[in-house]
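A.B. asks: As they're listed, the protein sequences go chains A and B. Quick note on numbering: numbering that gives the first Met the number 0 labels position 11 of the first sequence as 10, and the sequence is numbered without any gaps. Quick note on numbering: numbering that gives the first Met the number 0 labels position 77 of the second sequence as 76, and the sequence is numbered without any gaps.
By construction, these hints were calculated from the structure, which means they are not laboratory data. Cβ atoms here follow ideal geometry from the backbone N, Cα and C, with glycine treated the same way. There's no promise every hint is true.
List of simulated lysine-lysine pairs, DSBU-like, C-alpha gap at most 30 Å [unchecked claim]:
1) A/Lys153 to A/Lys68
2) B/Lys18 to B/Lys104
3) B/Lys104 to A/Lys83
4) A/Lys83 to B/Lys78
DEER-style ranges, computed between Cβ atoms [unchecked claim]:
5) B/Leu63 to A/Glu105: 41 to 47 Å
6) B/Glu35 to A/Ala136: 31 to 37 Å
7) A/Pro129 to B/Asp79: 26 to 32 Å
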Amino acid sequence: MIDPVKSTFATFRNIGTTITEDHLAYLRDAGEYRNVQLVEQPNGDWAHTILRQFFFSTYQYYLYTDLLKSGDRQLAAIAEKSIKETTYHLRWSSEWVIRLGDGTTESHERMLVAISNLEPFTPELFNPAPFEKQAAAAGFGVDPAALKERWMDKVETIFNEATLQLTKDNFFVTNGKEGFHSEHLSYLLSEMQFLQRTHPGATW
Amino acid sequence: MNSATAIPGRIYDILETVKDPELPVLSILDLGIVREVHLPDENDSRKINIVITPTYSGCPAMDLIALQVRVALLQHGFKDVQVTTSLSPAWTTAWMTHNGKEKLKAYGIAPPNAVHSVCSPDAFQADEAVQCPRCDSYHTRLISRFASTACKSMYQCNDCKEPFDYFKCH
Numbered sequence: 000m001i002d003p004v005k006s007t008f009a010t011f012r013n014i015g016t017t018i019t020e021d022h023l024a025y026l027r028d029a030g031e032y033r034n035v036q037l038v039e040q041p042n043g044d045w046a047h048t049i050l051r052q053f054f055f056s057t058y059q060y061y062l063y064t065d066l067l068k069s070g071d072r073q074l075a076a077i078a079e080k081s082i083k084e085t086t087y088h089l090r091w092s093s094e095w096v097i098r099l100g101d102g103t104t105e106s107h108e109r110m111l112v113a114i115s116n117l118e119p120f121t122p123e124l125f126n127p128a129p130f131e132k133q134a135a136a137a138g139f140g141v142d143p144a145a146l147k148e149r150w151m152d153k154v155e156t157i158f159n160e161a162t163l164q165l166t167k168d169n170f171f172v173t174n175g176k177e178g179f180h181s182e183h184l185s186y187l188l189s190e191m192q193f194l195q196r197t198h199p200g201a202t203w
Numbered sequence: 000m001n002s003a004t005a006i007p008g009r010i011y012d013i014l015e016t017v018k019d020p021e022l023p024v025l026s027i028l029d030l031g032i033v034r035e036v037h038l039p040d041e042n043d044s045r046k047i048n049i050v051i052t053p054t055y056s057g058c059p060a061m062d063l064i065a066l067q068v069r070v071a072l073l074q075h076g077f078k079d080v081q082v083t084t085s086l087s088p089a090w091t092t093a094w095m096t097h098n099g100k101e102k103l104k105a106y107g108i109a110p111p112n113a114v115h116s117v118c119s120p121d122a123f124q125a126d127e128a129v130q131c132p133r134c135d136s137y138h139t140r141l142i143s144r145f146a147s148t149a150c151k152s153m154y155q156c157n158d159c160k161e162p163f164d165y166f167k168c169h
């Protein structure tokens, strides 16, 4: 069996030489993707879509804040660039969570459904995968466990304003970061990768 | 730093011809994305290195801009053209020139405000007043935080009723 830590690092070491952006986006199968399962959950009711955005933007905001101190200059520069956009996403999605949670009975009910659907995917954000631990130990990555408290504080602050609460139970284990994904990722990839898979190397 | 000041006139004129493909009224100098120009070899003035900074991450215009910079310089006699991308310091709308902002406004897009009053994640801050590019009224309202591209939001003027894009501060 392929060692997931080694294969992930090997992939990233070779970016720009044998591995290009197109390889990463178009030529990896679902099992090679390392994203958390939260982000592959499909769009749906607006409450659901915006809550997914809010959970993830909050995580990204603190992730990039810490990555600014990365020992890898390129990664720190990417964080510096990304945090400006993430700040905007966080503000935008926070406002929607408050608007819907503290809105009408109907919008509040829909937010409750969204929370029960999506909250179970959030612990994965903070469970470090082996490659994340190794990257943190090597001085260029961030141990996501260190983000959890700030994430919780921010979510609870916004939820308070939105008259909502995290349920903090009913969690199940998701490990997208180790290549185990929900069926949704395959549907996303089959649409996104269709052209490259059908006409490999096509240019126009 | 305002990039335009440090660039030799001849090169400035060439770079001024390279436009943002999404906003064809703006040159890359108006946008402030040209950060450095180096002539690395005193004995060979045909060698040139240009450093550019992307406006938004993943902006599809960046590859095309880099290509256009290269083509423009090659067409004007440069032989060894290096275009590199620098992410840090990150691009900010403060680097957009006064001239660029005027051109944006004339094109019907409200230019970014000089003061970045809302670049923090806190919800429901007081919104900055955005001036209508058509009638100059500040009596405008936000319709959507994302508009025709990720770098703009959608506003409407309460006075002349014109809906318009605002190039948001960044």
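A.B. asks: A separate judgement is required for each hint: does it hold in the structure or not?
C.D. replies: Hint check results:
1. Distance check on the hinted pair: A/Lys153 and A/Lys68 sit about 21 Å apart at the alpha-carbon level, within 30 Å; holds.
2. At roughly 16 Å between alpha-carbon atoms, B/Lys18 and B/Lys104 fall within 30 Å of each other, so this suggested pair holds.
3. For a cut-off of 30 Å, the pair hint linking B/Lys104 to A/Lys83 stands: about 24 Å separates their Cα positions.
4. With a CA separation close to 37 Å, the supplied pair A/Lys83 and B/Lys78 exceeds the 30 Å bound.
5. In this structure the supplied range 41 to 47 Å holds for B/Leu63 paired with A/Glu105, their Cβ-Cβ distance being about 45 Å.
6. A beta carbon spacing of about 35 Å between B/Glu35 and A/Ala136 agrees with the range 31 to 37 Å that was offered as a hint.
7. Separation of A/Pro129 from B/Asp79 is about 45 Å and departs from the stated range, judged on CB atoms against 26 to 32 Å.
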